[in-house]
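Let the hints inform the model, and build the full structure from the sequences given.
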Amino acid sequence: MTSARLLEVDELSVVFSTARGEVYGVDGVSFTLDHGETLGVVGESGSGKSVTATSLIGVRPPLTRVRTSGSARLEGRELLDMSEAELRGIRGAEIGYVFQDPMTALDPSIPVGNQIVETLLVHTGLDKAGAQRRAVELLDMVGIPNAAASTRNLPDQFSGGMRQRILVALAISCRPKLLIADEATTALDPTVQTQILALLRSLCRELSMAMIMITHDFGVVAATCDRVQVMYAGRIVERGSVADVLTGPRHPYTAGLLRLAPRLEINHHHRLRPIPGRAPTAIRNEPGCRFSPRCEFADDRCHREEPPWSDGLTHASACWRNPAELASRDGGQAELASRDGGQAELASRDRGQAESTMLDRDREPR
Amino acid sequence: MTTTQVPAPTPVPSPAATGRTRRSWLRSPLGRLVLRRLRDAVIVQFLVVAVIFVIGYYVGDPVSAFASPEATEEQLAQLRRSLGLDQPFWVQFGRYLEDLARLDVGTSVWQQRPAMEAVWEVIGNTVLLAILGAVAATVFGVVGGVLAGTRPGSAVDKVINLISVLSLSVASFWIGLLLIIVFAVRLNMVPTSGWYEWRGLILPVATLGFIHGGRICQVTRSVVLDEMSKAYVLVARSRGLPYRRLVAGHVLRNVAATVLTTAGWEFARMFGGSIYPIEVVFAWPGLGPLMTTAAHRHDFPIVEAAVLITGALVILVNLAVDVASHLLDRRLRPE
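Note that the protein sequences, when read in sequence, are chains D and F. Using our numbering, read the first sequence as starting at 1 and increasing by one per residue. Using our numbering, read the second sequence as starting at 1 and increasing by one per residue.
It is possible that part of the hints are untrue.
As the list claims (entries may be wrong) - Below 35 Å or equal to it, Euclidean Cα-Cα: the simulated DSBU-like pairs (lysine-lysine) are:
#: 1; chain 1: D; residue 1: K177; chain 2: F; residue 2: K230
#: 2; chain 1: D; residue 1: K177; chain 2: D; residue 2: K128
#: 3; chain 1: F; residue 1: K230; chain 2: D; residue 2: K128
#: 4; chain 1: F; residue 1: K230; chain 2: F; residue 2: K158
Derived by calculation from the structure, the hints in this document are not laboratory data.
The following block contains the structure:
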């Protein structure tokens, strides 16, 4: 019996063994994805977005030693228990993956057509001639001009945007059910970025493919996704429909991120308010809310105990503070931009290092 | 039997057409590369010739070697005149080049025949041994390098690393003698030396392979390791390419030019000197024993002929490596 859900991730943890002990890449992440659904995963560098995604296909950079626990099921089949050979059958065939940097993602000395053909031959029953025809179709589909002639070109004969299109063609070549776009547009300039996002969205519709869009940019999420989840330090801190999260963020971290999106209507005297402190580079298993050292609203309980999920059907966050309370003090997104609430809160609080950093930054003349 | 199917006659290209294709080939990037390298080769070969001549001019006195110890000063002068040794430097050099154009470097006093002839007779043996040695070295180097480079830090990597460091550190003749003692004398598996049967080649080829494989191995390991950590390898894995195909079809292909250049350099280095002591140790009838004996007997023409020819061989090998790496790496080959 196949499960109705395409992907079910349950309490997924990924622990890296390093010379200085164990470090959590992902710490107990759970989410689901339906067929044809588009999910955005947002967070800073090191928040565990990519580690979550690469765990699904079991591909890691060389020399990394990891321990993975929990469960990740693709149509009911447990991905984490699969052998390397079984996973090879999943990679490319059922889960397509588009990486961040298109300039280095293709073998520089093999014509792009051959790289597509090679993938098709591994996963489909096509013969060489059939695979070659399909490669041309795919390049055409992702908008490579003069596709038939382009198959014979080497990667460095294409621009970055074109290469990313080729990588998208590679990722969808075997009609995967799930496409993971891992910062797929980050390395591209904004015009090209818009084109690639439009391409990804239309491909998802045409091929009824689900997509996980990993990004640090809410703009990308707003343009492409149905749902979004925000990750911080290896955990999901907020999830919900894109409209709900963007207009009414409940977690202070999400609110902080949204506050950082530059907006046209605000006059130039307005300064961006960075989230104080830094994202942890090595996450260890410590009690309390991971965001508490940087949070404007954190109290003792936040530092001591892990926050529960405030459960809403379509919108939920993991925070001790009452979302309503946050909303009343800081309002919606618009009021988050004003700083009164934050300052008052700061004065009444014990000051950790992160907070003082923030104060220093605020005083800095620019 | 009747011929029912006559093969279509191959169209004979007109001279004009062939002329055009040849010209255009010479103008292609590869053609230009070959021309450029050939020009360099001529210059280098000329320098080799010049150096040999200058050394011959200033070192030793052929007349005193020829003449009997009792010869008078006048007899010596006459001999010098008859050999043309009283002529100015440039005249002698010109005559030397003239002779060289006919591949004549003089007569071997020791063998009483043209020195070139004596060298030609054995050069084939040296080239054969060098080719087999280079193949052995490349096999050892590439297999070891790939095994180590795809498993950095593993036990396999450490053992291969140890072997390759040994290969770079030990003296070649010592390894040769060691192999003779173990495999020929103690185990009696192969003959100690000689060239009467192919098994006589095993030990010298193994020695050459070991001595020259170490560097190829280290270079291969390093470039494979580097290549494996490139993004495209991760991306290729993410589309489910089998590991072996990834290593063989992508990684090895991309490092082939580097490995080949190293292997070619090791091959050239054999002619540059390393093969000769091994030939002597294994009594292989190549240039090594010939040159050593000739040097002992102050037989300059043979040494000269040998140096000229090995110089030409080194230049040829380098040219071949350049062309091969061009053909291997598509990025070096514009449309």
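Hints the structure fails to honour:
No numbers; nothing is violated.
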